[in-house]
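A.B. asks: Construct all of the structure, not just a fragment, from the sequences and the given hints.
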Amino acid sequence: MELENFWRKLKMENKRLIDFKVFLNGIWRENPILFIMLGLCPTLAVSGSVRDALGMGIAVIFVLTGSNFVVSLIRKIVPNHVRIPVFIVVIATFVTITDYILAAYSPQIHKNLGVYLPLIVVNCIILGRAEGFASKNNVFNSILDGLGMGIGFTLIIFIISSVREILGNGTFMGRNIFGSNFEPFLIMIMPPGAFFVIGFLIALKQKIEKGSKKC
Amino acid sequence: MSKKEIFTGIIVLTFICVLSGYLLAQVYKTTKPKIEEIKAEQEEKLNKEIFPEGEKFEEKEINGVKYISVLDSEGKEIGKIFEVKSFGYGGDIYFKVGVDNEMKIKKIKIKEHNETPGLGAKIKDEKFLNQFTGKTKEEIYLKKDKAEGKIDAITGATISSRAIVDGVRKLLEKIENGE
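Those sequence lines, one after another, are chains A and B.
Counting in numbering that gives the first Met the number 0, the first sequence runs from 0 upward without gaps.
Counting in numbering that gives the first Met the number 0, the second sequence runs from 0 upward without gaps.
What you were told as hints is all true, and nothing was included just to trick you.
SDA-like mimics (lysine to any residue), calculated; alpha carbons at most 25 Å apart, straight line:
1. 143(B) x 181(A)
2. 3(B) x 14(B)
3. 28(B) x 117(A)
4. 38(B) x 106(A)
5. 110(B) x 99(A)
6. 110(A) x 174(A)
7. 33(B) x 99(A)
8. 28(B) x 105(A)
9. 38(B) x 103(A)
10. 110(A) x 157(B)
If you want the ones that stay clear, here's a sample from chain B, every Cβ over 12 Å from chain A, calculated:
11. 46
12. 61
13. 146
To be clear, the hints were calculated from the coordinates, so they are not data collected in a lab.
Cβ coordinates follow ideal geometry from the N, Cα and C atoms, glycine included.
C.D. replies: This is how it looks when you write it as structure tokens:
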């Protein structure tokens, strides 16, 4: 219900060419992980260490912005019934280009991201935004949405991975912060740890929003 | 759905696929030499890390097994480097094993792996890999698997650790049975 109202409001506002609310929307209100709950699989998988999480986040920002841009550019010439395959081709192209470019010019990040880079293709945030936003909005807003959603994703995955790495491994960005006497909570670095942290973050977001609305 | 709609659908999809195919081919062509250069560089760096005193690395083959013969500055063979493939938790792990002339492990370096970041990915840490240095075939078991074993598994990543240990031991067995 709330979502529907929001879309209606967005559609009305959409007469404006550039709407910066779209950008902030992805970072906080409709954050891809905490609100739309898309892309949870890569979130669980790469949030074990901060460095990998940041690499993943940056790759997602690039692919999401690029695919949103192209999708909104071609949205008027793509017939409705072939739109999903077209979006997937566009996304896969972007991911593969990112893969090659990273391998050629930044081999260290490429090595750290490993299998997760090709997996961005099936990251549902990308297709979700292509279908849910870029195919219905103009180019500028779509780029803003891609950036906002990407940054929102990166921010949350950074927080999750910080908590998991510090508690589960006793390190931050690979640097030891507790000294050798610290016995890490192993469960934090394993998949359940990610669920705990995501759960707490979602609850926290709800609390903050509900609190500010006084309902 | 009218015939016209189907037709435009086919045209658009074909056009997009051809375009992205062309784009990918271009990107592939421009990045390929660079990627191969980096790969060769990393290969050499790994070899050099395993045998810092090695001067020349020659690729050789015995009975279908490929290995790299390490020569020192006088052209004498001081060891061999083998590439091993082992099945870990997240797929194949490729690693290089340096063996000296007495068939003892010199050093191990992980080349490629898809293990879980933060857990299995620790197999590439020096702390784990240095345990192998100087060990013989009988000692290469996980401590928890066999009493003679002298290798500590990584906490929470037994499968990844075991993959390396088994891979190394099988390699040494192969070498002993006459390469």
